[in-house]
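Read top to bottom, the protein sequences are chains A and B. Under this note's numbering, think of the first position of the first sequence as 1, with each following residue one higher. Under this note's numbering, think of the first position of the second sequence as 1, with each following residue one higher.
No wet-lab data here; the hints were simulated from the structure. It should be emphasised that the depicted structure is a prediction, and the values quoted were computed from it without experimental measurement. The C-beta atom is built at its ideal place from N, Cα and C for all residues, glycine as well. Take the hints with a grain of salt, since some may be wrong.
Claimed, not checked - To be clear about the criterion: a stretch of chain B counts as covered by chain A if any three or more of its residues have a C-beta under 8 Å from a C-beta of chain A, and this derived list gives those stretches:
hint, region
1, 108-117
2, 148-157
3, 205-217
As the list claims (entries may be wrong) - List time: in silico DMTMM-like cross-link candidates among lysine to aspartate or glutamate, alpha-carbon distance up to 25 Å:
hint, chain 1, residue 1, chain 2, residue 2
4, A, K67, B, D64
5, A, K68, B, D64
6, A, K56, B, D157
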Amino acid sequence: MSDILNLSGSIIGRILLADIVPYLTPFSLALVITILVFTVFLTLSTPEFRAMIQFKKDVVGTSTVEKKEARFRRFMTILCGVALLGVVTTGDLFNFALFVSLVGVTNLGIFAGVKDSHVLNAAFQYGLVIMICSLPLFGGVAITLARTGTLSMGVLAVIPADPLVNISRALLIIGAIGEGALAPFFATKVEMIRAKGAPYINMMHLSSLMVFTRIIEIIFIMG
Amino acid sequence: MIYPATNSMLYLFLEIITASLFAGLLLGLHRKVIARIQRRPGPPLIQYMLHTLKFFIKELTIPDTSSMPLYVAIALALAGAWVLAFLVGPVLLGPYIIIIMCYAVHKVSEHGIGLATGSPYAKFGSSRAVLSATSEMPLVVAPALVFVRTNSLILQDIINYQIINGSLVNQLPLAALATFILVITKTPFNPFGIVYGKDIISGFKTEHFGVIRGVLMFGETLAFFVLLWCFLVIFFGGVINTPLTILLAMIGVTFILGFICALTPMVAPYHSVMIQWIFALLAIANVLLI
């Protein structure tokens, strides 16, 4: 646990569940509060009216997200928030990988309802990336289990890293940045955010950075 | 440590306000330095502070096209994130990883602020915010190197390590340089400020007025203070660890930032990303060399 204490502060609470120990530190508490706040106000927000412009002309009109589409994307936004809560509170590496995959799927869902071929094409590319990146993500988990005999972060924190664990750390990073559409896999994300529906798009950006912040902690813990 | 930790909410509130006002003065000094280099008299030192305060008494207008309550809430989220970072950093000397999280919330907020208005100009700014988020590798690389060296990311532990072993800038000079680049990116008129480029009006803030703009500027002022403080304490903590030395160092670094911002043009968006990645890679090379 010493690495967790040195990284994230003292343990505020934990649920003793064999060697799978979900725990709460000041860092994970800050993440939980941030995700809850964002999920609530993004869910309550109405989509914006996007001003359509043409060069040498004044604003020529506005358009927004249809009600049916908005309802589905709002549901995906809530689901993404729930998956993110799992990502930041879990103390088990396999659960972490599962929740990160769920974040990827819900992000894809947020854009699946958009009726714009550019956005749908980008979402398709992103779907391919998250499918491919699930291999290094779960591969990293499998190698860690095979090498150390545990997936509990509390136990992993006291096991010294060796070359195989370092490989699994690298695989976990690749998996997480792929699922979160982070650099260098962010090209599709830039196309996807052309879609209307600010609250839902914002959730995708939030999920990317929260997954990234959490993976940093996990990589350090596994050291 | 600049501020004593306390349980009094009123005292904490005063700490936040004084930090924001001091950072406002620093940003005023920064503008003055730029002006003097360009042989202009420049605005008075309190100009940035007055500019922020002015918005708190201006009329609040909300575009009809905006996404509500996102339009208001996201601006509060940006300011709230930096208040949290201030409390965790200078006040409590707690986990640095929470400040990294606050920085991530800042980037999400920049994106959301631009999108929530429905304005295409603001959207340009928010798209650049997404692009610039990919370039902030120094934010992650530098703490990783500090953790490898000190085995802790608790700010108090990092300071204690430096008091015993000397400042980290001597051991990780390129990591310090990478973090300094990060401080530059949060300074007005900086060469990497693609989010605020004049070619896109006021970037993501184009459609924000009145008290909401004031809150945004307050958050950005606090962000400058916290990042500058973190840079000084994490890499010069062996020497700069008393309130007076920190304040003097902040003024000194602001002078240097003024020179950099006055003498360098704004780079193109992709170059901005590339340059910041190069500095992050240099920081990694630093560890391999040692």
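Each hint tested on the structure:
Only when three residues or more bring their CB closer than 8 Å to a CB of chain A does the claim for the region 108-117 of chain B stand; here the count is 6, and the claim holds. Judged by the Cβ-Cβ criterion of 8 Å, the region 148-157 of chain B is covered by chain A as claimed, because 6 of its residues qualify and three suffice. With 0 residues having a beta carbon nearer than 8 Å to a beta carbon of chain A, the region 205-217 of chain B misses the requirement of three or more and the stated coverage is violated. A hinted pair counts as satisfied when its Cα atoms are at most 25 Å apart, and A:K67 with B:D64 qualifies at roughly 18 Å.
A hinted pair counts as satisfied when its Cα atoms are at most 25 Å apart, and A:K68 with B:D64 qualifies at roughly 22 Å. Taking the CA atoms of A:K56 and B:D157, the gap is near 59 Å; set against the 25 Å cutoff, the hint is violated.
Violated hints, in rising order: 3, 6; the structure is consistent with all others.
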